[in-house]
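Asker: Sequence:
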Amino acid sequence: LASLGSCIQLDIHLKLRPCSCLYQIAHAANDELVQQSPTTESISFQNDTRLPHITLYLSDFQKNELSNIADTLTRLISKRDICQPRISNSDSPRRIDIDHVMIQGPYSMYHISKTYLLQHVSDTIVMNTNSFIIPNQTIPGWVHNLPEPERSKKVDYVHQYGSPNVLDEFDPHMTVGYDEYAPSDKRQKILEEILSRFALLEECSSEKSKSSAGEKKNLDKTGKDGPNIHWEIAVGIVGDWGTVLEDIWVMMLQECKDQDGPLQQLAAVQRG
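For the sequence shown, our numbering assigns the number 1 to the initial residue and increments by one for each residue that follows.
No wet-lab data here; the hints were simulated from the structure.
Hints are not guaranteed to be accurate.
[As the list claims (entries may be wrong)] With a Cα cut of at most 27 Å, we get these calculated BS3-like pairs of lysine-lysine:
#1 K79 x K257
#2 K189 x K79
#3 K114 x K79
#4 K114 x K153
#5 K114 x K189
#6 K79 x K63
[To be verified] Simulated DEER-style distance windows between Cβ atoms:
#7 K186 x N130: 35 to 43 Å
#8 T39 x H100: 23 to 31 Å
#9 S131 x E193: 18 to 26 Å
#10 K257 x P18: 23 to 31 Å
#11 H159 x M252: 32 to 40 Å
#12 M127 x Y181: 21 to 29 Å
#13 Q254 x L146: 36 to 44 Å
#14 S67 x W241: 25 to 33 Å
Quick caveat, the model's predicted, so the values are computed rather than measured.
Ideal Cβ placement from N, Cα and C applies to all residues, glycine included.
Let the hints inform the model, and build the full structure from the sequences given.
Answerer: Written out as structure tokens, the structure is:
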């Protein structure tokens, strides 16, 4: 557990619902990684001991600021400073896509397309909660190995925001494995095969699959969460390898009030 004294490591993230394609792909890939390398694969999503997610902001926070973090996120969502665009067609900007497999060292990941919506939500959360972090955090070792000017930028972001992966360095992904021994090409093949397997399905789950809340299925073809999927922002306790052990706060994003909101304006710019 990444918690020590007055410090607690938190992952503010996009929570993946069991009915979503991304959740099912993450579980299928992780199950296969564990099955192929049961003694060396360190991450397991079985029994919900680790939660698949898309990180928006991960940093060391002050424990006594937990209520302020929750209050701040509640305000941002309630005022629709972060919100979901209304659904207008099948190309809704609410959609989340996997664009490629990413194997970096021991990490097995699916890279998520960085849309204006994900960027906006991450930026807004970072700018409104970074006052609650622990100051003067340690620069991760891997940052020092980066070329300039990327290295200096990430060092600066750690000093300011307690994370090297924020703002223009935000790089959304979904981690599904951590294995220091299994060959990278083997893990690459597993993740690609899982993604291809889901691409052949009309839906990501059987007709009997429904969420615990009994909601209607809102599934799309592989690598994509359909436009009707509602997003939830969650705050989770961080475990080893950047995993989320449990969520301690969750809230669903609301739809933007009108089609002229900030996210719709950004969408119009992108389409132009």
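Asker: Please flag the earlier hints that this structure goes against, numbers listed from lowest up.
Answerer: Per hint list: 2, 9 and 12 violated.
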